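Trainee: Residue strings, one per chain:
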Amino acid sequence: MTSAAHSASAYIKIFYILLVLTIVEVAIVYLGLPKLLLAGLLVIFAVWKAALVAMHFMHLKFEKRTLAVIALAPFVLCVFLILMLLPDIFPH
Amino acid sequence: MSEAAVMHPGAEPQEAPLTPESWGKLGMWLFLAGDAMSFGCLIVGYGILRHASTKWPVPKDVLGINLTAFMTFLLIVSSVWMVLALAAVQEGNKARFNKFLGLTILGGALFLGCQAYEWTHLLGHRLPELGISFSNDLFATTFFVLTGFHGMHVTGGVIYNSCVLAAVNRGRYEAKHVEIAGLYWHFVDLVWILIFTFVYLL
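Sequence order for the protein chains is P and W. So for the first sequence, this note's numbering puts the first residue at 1; every next one is plus one. So for the second sequence, this note's numbering puts the first residue at 1001; every next one is plus one.
Hints may be right or wrong, so weigh each one.
Covered, in the sense of this in silico footprint (three residues per stretch, anywhere, with C-beta under 8 Å from a C-beta of chain P), are these stretches of chain W [claimed, not checked]:
1) 1023–1036
2) 1163–1169
3) 1181–1190
In short, the hints are calculated from the structure, not lab data. Predicted model, so just to flag it, every value in this text is computed and none were measured. Every residue, glycine too, gets a C-beta built ideally from N, C-alpha and C.
Construct the entire structure; sequences and hints are all you get.
Mentor: Okay, here's the thing in structure tokens:
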């Protein structure tokens, strides 16, 4: 972990990006977009924000790969969870 | 653990297996992975129940998203205060650390206050107006289970951060302990970002 990774200005920059993304998210909800487009955009913004927090605030970008593997594990498991539940989601 | 760190100072190889100094961090990450799975199951369950329901209100019409947008802002700001507190304690600046970790705790407490107000308003006014209650409506049940589970995490985080603040000032905790507490706090922020999107906005 370099000292550059910990500089306050870098964190403030991430904060502004998160703030703008949140404002955009709330704004597009009021915009009255088609449902599917809105859902797609919201999911992209949410994942983007979550990734920013994990990478920069939780230092995942500057850590050993072991921790990234641990952090990714629940997402892989959730994908399997959804796959296994598909018969319930779309019953015949 | 700290003795091992003193015996092998500095020079941590880049791709070496996790070293004794990182054990606490490794433990926190393992806990968070498990915790993420709990939240993951709740969110997936929420999605499936919503998909299977014939009537599901538009969340923003029932819940109102202005207050929760402010709550999202509070958690993001307190995450930034947490990283600034960590940077301060790493530089050995105790006064700056106290200020920023104090603000982090305050942000978490304010978030809980907003959530208490929101719940009171929903349970006392909004939901009865719409004729739905916590126990007879899937929308209400999943909402309170998800936000409640997250709210308990925020409560735990406020207590945890307060303990860290006290322990650093007594000289029992150092920067590495603050970093581990920070991981938990940012995780709570991260989960709220997802809940805010999936439960309130979508």
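Trainee: Are there three or more residues in the segment 1181–1190 of chain W whose C-beta lies closer than 8 Å to some C-beta of chain P?
Mentor: holds (count 6)
Trainee: Check whether three or more residues of the segment 1163–1169 of chain W sit with their beta carbon closer than 8 Å to a beta carbon of chain P.
Mentor: violated (count 0)
Trainee: Given that the segment 1023–1036 of chain W was listed as covered by chain P, double-check it with a C-beta distance under 8 Å for 3 or more residues.
Mentor: holds (count 8)
In this structure, the one hint that does not hold is number 2.
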